[in-house]
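Residue numbers (the working numbering), protein chains in the order written: chain V, 2 to 285; chain U, 198 to 485.
Because the hints were derived from the structure by calculation, they are not lab data.
No residue lacks a Cβ here, since even glycine has one placed at the ideal position from N, Cα and C.
Incorrect hints may appear among the rest.
With a cut-off of at most 16 Å between alpha-carbon atoms, the simulated EDC-like pairs for lysine to aspartate or glutamate come out as follows [to be verified]:
| no. | chain 1 | residue 1 | chain 2 | residue 2 |
| --- | --- | --- | --- | --- |
| 1 | V | K180 | U | E438 |
| 2 | V | K54 | V | E82 |
| 3 | V | K280 | U | D459 |
| 4 | U | K472 | V | E260 |
| 5 | U | K454 | V | E260 |
| 6 | U | K378 | V | D135 |
| 7 | U | K337 | V | D17 |
| 8 | V | K280 | V | D265 |
| 9 | V | K180 | V | D135 |
Here are some chain U residues pointing at chain V (derived, C-beta under 10 Å) [as the list claims (entries may be wrong)]:
| no. | residue |
| --- | --- |
| 10 | M237 |
| 11 | R452 |
| 12 | L474 |
Quick look at which bits of chain U chain V covers, simulated, 3 or more residues with Cβ under 8 Å [as the list claims (entries may be wrong)]:
| no. | region |
| --- | --- |
| 13 | 336-345 |
| 14 | 374-384 |
| 15 | 395-404 |
| 16 | 435-449 |
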Amino acid sequence: METILSLQHVNYSYEDDNGELIPVLKDFSLEIQRGSFVCVLGHNGSGKSTLAKLLNGLYQPDQDSGPILVDGLNTRDEKNELEVRRRVGLVFQNPDNQLVTTVVEEEIAFGPENLGLPRDELQKRVDEALLAVDMQEYRNHATYKLSGGQKQRIAIAGILAMRPQILILDEPTAMLDPKGREEVLSAVRRLNREQGMTVILITHHMEEAAKTDRVIVMKNGQITADSTPQAVFSQPQLIRDAGLSLPQPTELTHRLIQEGFPIDKEVLTVEQAVAAISKMLKEK
Amino acid sequence: MAFITTEQLTYIYGQSTPYEKTALDHVNISIEKGEIIGIMGHTGSGKSTLVQHFNGLIRPTSGRVLVDGVDIWERPKEIRSVRFRVGLVFQYPEYQLFDETCQKDIGYGPRNMGLSEQEIEERVREAAERLEIPNEILQKSPFDLSGGEKRRVAIAGVLAMRPDVLVLDEPTAGLDPQGRKTVMDLIERYRCETRAAVIFVSHSMEHIASIADRVLVMNQGKVELFDTVPNVFSQYARLKELGLNIPAVTEIFLRLKEQGIDVGKGIYTVDDGVKALSQLCQGRVHHG
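Let the hints inform the model, and build the full structure from the sequences given.
Here you go:
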């Protein structure tokens, strides 16, 4: 598969109040394939959000850093700045901080309007974006009246209208109730499956990670695991060391293994746990 | 006797404007000392509006809020004293840190209570210990801390008032698993050591199931359910309708039951699940 994002030996540090350099990412290398659905996990302060901001050029790596390539464009190159931001769409935690207009349709048109697109093209993009997040009926609604999950989907639609190649979501569900969380995640999953959108999901919710293609675990600015969700979550010690936890179905089966039950250890979801337990009980 | 009681508590936002909205609609609940109450409900169900009534931050449109048997709005000028007894930790409380050092920030509440310097220092130390905040952090500016550290400092600022009731509005939102565990452990310990009531709002069914004595489910400003963990989480269909959920482990055992594998009711935590399966298998050995 084709590489769409590449970081080669990237360093990033910031200066604190005393003028001291605090390293966040150290010799950080990563490649992400086009069309993949990648999850980034890590404790608060592990460098996840810094990574997101480096990828769309909001932050620039240190002078001694290796390159960050977005779809072949070096983010350091000033002439690539706008193109990089257009190709990498970023969605943040708090939907209220991301909405700028009062009507759904205007909100989604806000970005592409600034590109100076003709009216019918603008309309087409708004229609497609609304459809992609399943919010067509809300076209003329006031944004402030929407629920958290709906607001977050409008924020995503606004990004989609810019036709990005990569969608990065930084804890998009942290402030949402269970229904809102599911709405947002299923919209994102659909974008990935049906439109081949490359998605990077940063989250503290392990059950969200369980439903992605690839899980990257970060700890103190470095990658400590990078594999399928099954492989990553079958290492409880590694997960604990990174300050994380297991999805509850996985925790249950791991505890059962400790108690001597002969149960399949590659369980991530409720469905898989049900199947594994019923299989174990039949064989006993 | 109940420590916090609401009687026909009703609150209307923007009354007599086009934006009028009934946020709380005749809410009647009472909470005892020493209880842990989990509050859940969809966005806009009235959870935050409700908890902001407990310490008199919002005045009811109608109805009453009683703390320790006294209507807190009987003497509106003394409402401040209620805020010392009912400590409220807002959503994302770290946005409200303001002082030069964490030490001063945590001591802000006790200082407003008019306590002596020695007493303030003692309370700051105690609150910092409860939140596992090391000494070197106390001397730092809150703005130099990580998100998780800021959250703990903000909660410590409320604990330093030693409230009889600790109210937390989504205290774990945005925290990593380790940070969530610290906050959940704190809630249990604070209840155990002080016999205070703890009321927390959460979207995590797992957290509520693991430590709450009773669960309050809000829906469109009304009390939908207010009952024990088993009595609430056994109503799967109703919770789903309300946009809520049940803990993943509860769902696993519910589905097993649908397949004819009955390991008994009342499984709300991983511990419950392991125990139930162990008993089931032992039983099989004995009988088989």
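**Report entry** Hint validity - U:L474 Cβ closer than 10 Å to any chain V Cβ
**Finding:** Where the cut-off is 10 Å and the nearest Cβ of chain V is about 6 Å from U:L474, the hint holds.
Query raised in the report: Given the hint that V:K280 pairs with U:D459, does the C-alpha gap stay at or below 16 Å?
Result: Holds - the C-alpha atoms of U:D459 and V:K280 are around 14 Å apart, at most 16 Å.
Query raised in the report: Regarding the pair U:K337 and V:D17, is the alpha-carbon distance no greater than 16 Å?
Result: Given pair U:K337, V:D17 holds - Cα atoms ~13 Å apart, limit 16 Å.
**Report entry** Restraint outcome when U:R452 is required to lie within 10 Å of chain V by C-beta distance
**Finding:** holds (5 Å)
Query raised in the report: CA of V:K54 to CA of V:E82, is that 16 Å or under?
Result: OK: V:K54 and V:E82 at ~13 Å, within 16 Å.
Query raised in the report: Is V:K180 within 16 Å of U:E438, Cα to Cα?
Result: holds (10 Å)
Query raised in the report: Counting residues of the region 435-449 of chain U that have a beta-carbon nearer than 8 Å to any beta-carbon of chain V, does the count reach 3?
Result: holds (count 8)
Requested in this report: Take a quick look at whether U:K454 and V:E260 sit within 16 Å of each other, Cα to Cα.
Outcome: Status violated; Cα separation ~22 Å.
Requested in this report: Compare the distance between the alpha carbons of U:K378 and V:D135 with 16 Å, and conclude whether the hinted pair is satisfied.
Outcome: violated (35 Å)
Query raised in the report: Minimum Cβ distance from U:M237 to chain V below 10 Å?
Result: holds (8 Å)
Query raised in the report: Are the Cα positions of V:K280 and V:D265 separated by 16 Å at most?
Result: This hinted pair holds, its Cα atoms lying about 9 Å apart.
Query raised in the report: Are the Cα atoms of V:K180 and V:D135 separated by 16 Å or less?
Result: holds (14 Å)
In terms of the numbered hints stated before, the structure departs from hints 5 and 6, listed from lowest to highest.
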